[in-house]
Amino acid sequence: MQLSKDELLTAYRTMRTIREFEERLHIEFATGEIPGFVHLYAGEEASGVGVCMHLDDRDRIASTHRGHGHCIAKGCDVDGMMAEIYGRKDGLCAGKGGSMHIADLDKGMMGANGIVGGGPPLICGAGLAAKQLGTGGVAIAFVGDGGSNQGTTFESLNLASVWNLPCIFVIENNGYAESTSSKWSIACDDAADRASGFNMPGVVVDGHDFFAVYEAAGEAIKRAREGGGPSLLECKLNRYYGHFEGDAQTYRGPDEVKKLRESRDCLAMFREKVTGAGLLDLAQLDAIKSEAEALVDGAVAKAKVAPTPTAADLLTDVYVSY
Amino acid sequence: MARTVTYQQAINEALAQEMERDETVVVMGEDVAGGLGTDGERDAWGGPLGITKGLYGKYGDRVMDTPISESAFIGAAVGAATAGLRPVAELMFIDFMGVCFDQIFNQAAKFRYMFGGKAETPVVIRTMYGAGLRAAAQHSQCLYPVFTHIPGLKVVTPATPYDAKGLLIQAIRDNDPVIFCEHKALYTLEGDVPEEPYALPFGEANIVREGDDVSIVTLGRMVHVANEAAEALSGDGIECEIVDLRTTSPLDEDTVIETVENTGRLVVLDEAHPRCNMATDIAAMVCEKAFDSLKGPIKQVTAPHTPVPFADTLEDLYIPDAAAVQKAVKAVMESSK
Ligand SMILES: Cc1ncc(C[n+]2csc(CCOP(=O)(O)OP(=O)(O)O)c2C)c(N)n1
Ligand SMILES: [Mg+2]
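Going down the list, the protein sequences come from chains A and B.
The opening residue of the first sequence carries number 98 in this note's numbering; numbering runs sequentially from there.
The opening residue of the second sequence carries number 30 in this note's numbering; numbering runs sequentially from there.
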């Protein structure tokens, strides 16, 4: 699958924006200004972007509690996301959802999710609708290694298969569910091994390698669009921060993250590949980094001074009003 | 001897003492020890807020981490309870009952009756509930009324460290399934707690403040909100009697009726949504059984009929506060003869 220069720039810009967004949130969270639970996606960017680069607005994704990266990859507005995380009225969910519930249905982003395993059944429904309505769309659930052990995930794999739905289950195996190792919690070697039990392809890729994810996801999505049914894609990757902000991470080995950042960073790997092949030059990539920084700077500055919801907003939107 | 400990320490101590006393007591849940299979520290978490931390060091494999498979492990705790163990399973947030409710309400709750009185299911499900941490709609609910609705379940909602320890020990020794609801905003609350093990009986409400003007019947975190309101009202010459239900099932109807007989006025305060909650339950019971003692209409103070909002401004408006209770108490005073 050959990517154009523009597409490569877009891929890098999206991954870079996610990284800047998350690194900045890490800093801002420490100031105490951001309420609630925040789970950062830094380190995992190649997965969300490698998958979502294939999608357009008719395609749906369901995300997890670690959803910022999926949101950005699916085209959610960065200002609106930041405002939501700060609990502002002009946030993407009017300040009612927060980090764990960012959604933008017009963009096909069905929501981050506070319930582990909440997404897979929903994408069976989105896949069913796409199939029934003949939109050509596909539906994708991002699921963690921990979430892959949830009953809802197993049931959804089976349902997607017996209904032959255009669904892709992307297991983002970052090695941990909270403090528990996926090597322990998943009984088989790879979560992808389970796919055969549901009669669908199951592929393992290096989730730090944008190109590997892009290619494997492309095949699964093409197959789904053509009526070939569901697939499972397991991206092996790593998270750079704690389970949530404030996690002391004593369950991790010494220097584990430092070593990962040095050897398996998806952005560094991308840079090396595209500059090595002479596809893009460093100046272009650095310019994108500056743009992403400016975008996130602007989003934080706006969010900090944005109006908060008021008493008039408390009771609205429980039901559709007529 | 009593010393001051937190609600969280009281819970940890109750678990440790019961595990010490009875080796059939086991603890299970996601990251209840933590660090399983990793290169780093074992017992790294003790649950997301560290409530069970340290138990693994003392009781080893009787503290079991689980995959994120609530239906399976909550069900396993139920099954193990029918087969000789006394499991204390942690359902991290009460909101997650959605992914395992069948094992609780169709299985655990039904066995004794449905099997003609032959079964005993001594399982405890510890779970964290309530708003206040900006944890939004799927991590902040007060779902104890849902459990209270189900015959066969016992439901406990301690408001203080003392009650948390005594009621948890009772829950573990009890031979019925118990849903033990811990308010997440109370974990750091300090109070006097005896060092030695003690069990507090279920179905005995606690009169936490005496007064002759208005009764406030409440539970969980709202006991403290009621206290705050009562303190302020006392300054205005209104004396409130506060009843902490402590367990919603079984329910201490007698104490509720007695307080209404004493004051003739009732405010029911509940952090849960307003429909089919403890406030409606108590109000209906009092109307039926103590109507003649009432000098005027009952008032309910509850959260609104909305999901729990994320933004701090909205969540603060959502949670019933002392001002709302004071207003209700004054309204009850005014509308009574
Ligand atoms: C049903 C349910 N159970 C438990 C939790 C608490 N919880 C939130 S995230 C998480 C770990 C998820 O691990 P994984 O799926 O690997 O995703 P990661 O955090 O690594 O991205 C747990 C246990 C939850 N939110 N929902
Ligand atoms: Mg994980």
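Please keep in mind that the hints were generated in silico from the structure rather than gathered at the bench.
One or more of the hints may lead you astray.
[Said to hold, decoys possible] In silico DSSO-like links for lysine-lysine, alpha-carbon gap of 27 Å or less:
id, chain 1, residue 1, chain 2, residue 2
1, B, K318, B, K359
2, B, K82, A, K280
3, A, K280, B, K359
Do the hints match the structure? See the list:
no. : hint            : verdict
1   : B/K318 - B/K359 : holds, 24 Å
2   : B/K82 - A/K280  : holds, 22 Å
3   : A/K280 - B/K359 : violated, 60 Å
When held up to the earlier numbered hints, the structure conflicts with hint 3 and nothing else.
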